[in-house]
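Enquirer: Each chain, written out:
Protein chains: 2
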Amino acid sequence: MSVAPSFQANAHPVDPFGIIAPQLAALDAFMKAQAAQFEPEIRDMAGYCLEASGKRLRPALVFFSGWEFGGRVDESLVRAAAVVEMVHLATLVHDDIMDRAELRRGRLTASRKFGPDAAVLLGDALFSQALHIASQFPTAEVCRLVSASTRRVCSGEIMQTLRRRDFNVTLADYRRMIDLKTAELFRTSCYLGAMLSHQTSGFADAADKFGHHLGIAYQIYDDLVDFVGEEKNIGKTLGTDLATGKLTLPLMLLLDRIPVDERARLIADMREGHSPGLATSQQRMHQLGIGAAVVQSINDELSIALESILPFSSAPAAPLLKELASLLSRQVASLPTSVVSPA
Amino acid sequence: MSVAPSFQANAHPVDPFGIIAPQLAALDAFMKAQAAQFEPEIRDMAGYCLEASGKRLRPALVFFSGWEFGGRVDESLVRAAAVVEMVHLATLVHDDIMDRAELRRGRLTASRKFGPDAAVLLGDALFSQALHIASQFPTAEVCRLVSASTRRVCSGEIMQTLRRRDFNVTLADYRRMIDLKTAELFRTSCYLGAMLSHQTSGFADAADKFGHHLGIAYQIYDDLVDFVGEEKNIGKTLGTDLATGKLTLPLMLLLDRIPVDERARLIADMREGHSPGLATSQQRMHQLGIGAAVVQSINDELSIALESILPFSSAPAAPLLKELASLLSRQVASLPTSVVSPA
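Protein sequences, first through last, are from chains A and B. Residue numbers for the first sequence follow UniProt numbering, so the first one is 1 and each next one is one higher. Residue numbers for the second sequence follow UniProt numbering, so the first one is 1 and each next one is one higher.
Calculated directly from the structure, the hints in this document are not laboratory data. This structure is a prediction, so every number in the text was calculated from the model and none was measured. Glycine included, each C-beta is placed from N, C-alpha and C at the ideal position. Heads up, a few of these hints could be off.
To be verified - Here are the in silico distance ranges between beta carbons for each label pair: (1) Gly245/B - Ala52/A: 27 to 35 Å; (2) Gly245/A - Asp261/B: 53 to 61 Å; (3) Asp166/B - Glu307/A: 55 to 63 Å; (4) Leu103/A - Asp166/B: 26 to 34 Å; (5) Ala36/A - Pro40/B: 25 to 33 Å.
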């Protein structure tokens with residue numbers, strides 16, 4: 001049985017061919033050792049958060065963008081990967097407080113395990129330690145990039161939090177939110193990888209742009225998956241965005257394309273936290289060609305991402321970044337045709 | 001009517017003689033300009049937090065420790081002062097979420113004004129921006145010091161949060177908590193001031209030690225004031241620590257010195273969030289000499305602080321730091337004699 005490479009689930013699905021397996025293993029070891037860097041009183045709590053091994057998507061961007069022929073494990077790339085991953089983990093700890101989430105990656109969230117008050121502070125400690133690792137580079141540039149990036153990620157999250165159940169969110173607002181909350185750290189990961197490995201002049205900026213558009217594509221894909229749900233349990237995730245009143249691209253397009261009275265009913269339902277009939281929604285999405293339109297948006301972003309590294313096709317990192325974009329593209333193509341194919 | 005110089009209330013009470021008035025004015029201008037550094041979407045919220053001008057205690061430590069003959073306004077000291085103040089403001093934003101506080105400095109807390117979810121993220125953005133300012137120094141050293149300090153401050157806060165209503169907290173635990181949550185940023189402020197102004201060799205370490213012990217003294221004083229309350233409204237603050245079950249030195253000594261049955265009653269009352277009779281508590285404190293013992297602890301710390309800078313009496317910063325310790329000492333001496341004089 002063949003398993004299609006995937007951006008989701010399992011260990012290191014971003015590296016289906018094991019190209020950066022030694023780098024990801026070095027990262028795991030580095031992250032594990034980080035727990036000891038926290039004060040003894042919070043070491044176990046910090047360790048709990050660091051253990052939760054996710055998709056390692058941002059570290060993979062660092063390693064791929066910083067790839068050199070020979071593929072040696074570069075200590076500075078491992079450190080940069082740890083920085084972006086720890087920033088990401090810190091945002092997850094705080095996100096889970098806001099979402100009142102019970103579980104993440106099959107384990108209790110920090111907020112549920114240690115209480116929301118401790119989780120606020122624990123997230124802060126993770127942020128601080130991420131910046132502390134960043135400050136161990138000889139120049140302050142990594143700190144400068146990562147601190148600004150972190151601030152922008154938080155700004156995006158604040159926008160999203162404040163605009164929940166706000167049905168006046170425009171496509172430009174949505175774009176700006178995902179630019180900040182997701183694409184920002186993607187692009188910084190790519191830039192850091194390219195910069196620290198001293199790639200060809202101009203490649204770092206190209207990788208930055210690649211990361212930016214890959215990040216937007218990824219977030220739209222993530223929002224689509226959340227909306228159309230998983231194949232086996234299609235209703236499970238549909239409720240999530242509707243219940244929290246989070247306006248994402250599929251939902252915005254749906255609201256935009258249905259008749260006025262249907263729109264009013266759907267908004268009223270969402271305001272009260274009711275999910276509309278799932279089968280109906282999916283059918284409407286298909287009838288109105290929304291899944292296909294969302295897929296088109298994702299592919300448009302992937303095209304811009306790929307275009308940006310086109311002039312650097314001889315850079316060792318280029319084919320790996322290209323493969324990463326293809327991986328997401330294949331993932332998108334494997335979504336249920338009933339949802340994403342044109343009506 | 002003369003107003004005694006004070007660590008509390010009014011603008012810049014830490015500088016009653018106006019020695020660092022130009023520096024504090026430059027800091028105010030710098031902080032005000034910082035709002036524009038945040039993303040447009042959160043600029044007003046960040047500005048709201050930055051406007052809340054507090055005692056500027058940590059910036060004063062930077063300026064005093066970095067004082068040079070002539071007293072010019074050094075841009076790097078202003079920047080360092082802004083970093084420690086912004087870290088402090090970020091911790092306050094998060095503290096107020098945990099304490100469910102309504103007001104701070106006479107205005108709604110960020111948590112009340114923008115909601116606790118947004119306040120979590122806003123605090124994160126303030127932390128990030130503090131580190132971003134730190135990263136604008138030519139070397140990564142300021143970032144390195146401040147990120148580690150921030151992590152330790154958070155660790156102290158976590159300890160305190162997790163040990164609320166834990167009546168097994170020992171004096172060593174209390175000491176460790178205030179070391180981390182308060183003394184840490186005091187000592188970093190002093191170290192940064194001395195380091196950035198290139199004072200005499202060895203002075204930065206001495207200033208660090210001074211700041212550490214001044215910070216402990218200040219926190220014990222703050223806990224004493226919170227316990228004995230203000231002269232005019234002595235009951236107002238007594239309830240605070242009791243209600244949140246926060247064990248501070250005065251309370252620990254009281255619990256330690258009262259008879260077993262009285263202790264059991266007091267603990268039961270606190271567990272249920274009842275304040276014991278105030279008059280009784282104060283009388284007991286006086287009878288048992290607790291106020292006097294706490295004052296002794298504060299003065300002991302101030303002595304160690306002063307001792308640490310004794311070898312540097314010719315350093316321009318030394319008399320200013322000495323004056324700052326005297327200021328706290330006078331403040332302590334002005335507490336109601338019914339509370340702090342020996343029984």
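Enquirer: State for each hint whether it applies.
Expert: Verification of the supplied hints:
no. : hint                            : verdict
1   : Gly245/B - Ala52/A: 27 to 35 Å  : holds, 31 Å
2   : Gly245/A - Asp261/B: 53 to 61 Å : holds, 55 Å
3   : Asp166/B - Glu307/A: 55 to 63 Å : holds, 59 Å
4   : Leu103/A - Asp166/B: 26 to 34 Å : holds, 28 Å
5   : Ala36/A - Pro40/B: 25 to 33 Å   : violated, 40 Å
Violated hints amount to a single one, hint 5; each of the other numbered hints is respected by the structure.
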